[in-house]
Amino acid sequence: MKYLPLIWAALRRKPIRTGVTFLSVTVAFTLFGLMIGLNATLDYMQRKAHADRIWTLARFETTGLPLSIAHQIGRLPGIKKYSVMTYLNGYVGDPKNRTGVLFIDDEYGNIFPDQVPPEQADLIRHDRSAVVMNRAEAQILHKKVGDRFTIISPQANRADGSKNWPLRIAGIFEDIPQFPGPIIVGNYLFYKDSVPLAEQGKINEVDSLADPEQSPALAERIDKLFANSGNPTRSQTETQIFSQGFGDINAGMLTRKIALIGLLMILLLTANVVARSVRERLTEFATLKTMGFSDTRLLALIVAETAIPCLLGAFCGIILARWLALQLPSVMPPGTGIPPPTMSLAVFFWAGLCACGLILASTILPILRLSRLDIAAALSRYA
Amino acid sequence: MNIVRQIAIIVLMNFRTLRHRVWQSLVIIAGMACVSGVLLSMLAVTEGMQQAYQNSGDPRSLIIVSRGSVQEENSAVPRDQARIIVNAPGIARAPDGSPLADPGFVTGLPVQLKQNGATGWVKLTTFGKAGIALHPGFHIVAGRMFRPGTHELVAGPQLRAKFAGMEVGDKVTMPDGQWPIVGMFATGDLLDGALLGDTETVLQAMRHNSYNSIIARQASPDIFPGLRKALTQNPLLTVDVMRLPDWNRRVSADSAAFYHVLIYGVSIILGIGAMFGCFNTMYDAVETRAREIATLRALGYGSFPVACSIILEASGLSVFGSLIGALIAWTLYDGTQGTLGWDFFRLTVSPAMFGMAIFWALAVSFLGGFLPSLRAARLTVTDALRAS
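Chains A and B, in that order, give the protein sequences.
No gaps in the numbering here: position 312 of the first sequence is 311 in numbering that gives the first Met the number 0, and each next residue is one more.
No gaps in the numbering here: position 312 of the second sequence is 311 in numbering that gives the first Met the number 0, and each next residue is one more.
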């Protein structure tokens, strides 16, 4: 504690240099926070995936599934609940404003209470033409509860031949981290009664609930059951789906690489700053040594001097990243479904660890130099 | 002495003394190398994709999709409409009198990946009668073409690197059974990453009753506005008509836009970091060379040339670093095979991107070097000379 004034004086000696160090570390850790935070979100989603939920889709996209498949799946031993869902893709107003609706049956809300809050599911159960949406979607469409809007679907004809789907918003619910991105939920019966007779009873997805231990085997059993039927299926447990990540892009690897490059870039800067500030003060350090300061004490002084702007910068960087992450949904093109990064405790932990690594790496060379310092030469300013 | 000459002399002097400031200069060089290295290697993916799209298909072709569609997969052209479009006046005719217009279908097929046995998606697209005539680059490289009306497919040459069972003779699981791959084709464009089958046969197997899009050739190059008007204003049709290159540009720009937000976001943050590095280095440089600068000023050099020299030095180092980063990105990624979704293409680091790297370097060095140069310009000569 008694050396605090000494450290403070060293930091104030070149305020601009200290400021720049602080700011550049802040920038590096903002990037770090966003990148590792994105990883944290993906991890979170994977952790929160329900091992007991089985998603069954048509093996071939265009064929869809007949409603009867749901009942067959429901009769399998081990399946506790099942529900059907179908989606409608389209746009609102201009083709650029792409959106879509999940039309769900009465049971879906019970299987996915974490995707559609139960009280919201109730709202559409009693009013067929009503939909509920999350905050993200409401912001994109600039809608509030009670508003009416029309989704135009180039693909899905209604029974009357039009492609217009007029909907009324019965409720808006808060975004759920597990299912990021805009989402609109409607009543399956409305969809079914709207499409031409030939299309009625076609669904996109059957979701069922089973024991977590049994579900992978049950998913396989469902696929086997329909493998030779006219409607082959593709079933996976939710855990399996969420562990696949985003297509071909290894998001975890990429984000870690970028975070690392940012850190290395800043390491060079801080190392330079420390080296320079030590070199400029060699005489002073020699004086301190003469006064009886041990090498370890000098080491501690230099590390502390470096640590203050670095740790502060790392902390501020993560806080800034957290703020930026909250702004991201409004910057990203809508409907992409990349989840916003979350600053979990793990992110803070890794940031702290990396900041410590940064401090050590940037102080090590100056410290080595200092420990070999020739006091006499330094005092005579020839060092 | 004119200003340009003064600047040149000081800059030259600065660069001669550079070896005394190796480590500090390295902060700028390495920083900028990181920025443009990251920027260019990520942009190489979207650039490669966009170029692949732009070079795809016959530039003389038109594409007709359902109104409001922004992707082929989300478009649906019903049969009755397709018939009207194909026979519309203004569509070119083959020597035998049949229209050069080909309704096509596209979907994803689940196929095992070679790498880990997981399921990936292969693009399955189709040719009708006019298909080959509308794709001038199309030729069979192994086996034979599928026979119309039979359960046969031909595969693009890119598929076998990524997916299992994509060789001639292998079988592909379709809804109504196993379809053999009877040949391998090449077009030299995006189609090389797809399976190809006969339109009507595939539609039947997929139990689908509408096409995704129609590729057509116009009878003469200047007919487009009229043809477009005739098709889009026909009350029986609900379609959009575009030139194929325009459509490709739009589709690829759409999907690139999403990645660009991420890429530029990351690069800007890195760039700000590099800017601080540049600022710090130049600030220190001004400080160490205070006496030098003061001597120059005393000799009669103006403050503007001195300030310029600082910014020029920063720019020189930045551009150098940036080019290193760009070269690294170019050697690592240019020409390597990439995929985005189900599209196969070569990653591209284009000359324009090198220009961009230089531009970023100049921007960063100007922003980072501005304040230090101001400081150099405002140095009081007497004070600086007196300081030890």
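Any given hint might turn out to be false.
[Stated by the list, open to error] Some chain A residues near chain B, calculated using beta-carbon distances under 7 Å:
hint, residue
1, A27
2, F148
3, L268
Calculated from the structure, these hints are not laboratory results.
Ideal Cβ placement from N, Cα and C applies to all residues, glycine included.
* State the violated hints by number, sorted upward, taking the hints as numbered earlier in the document. => Violated: hint 2 alone.
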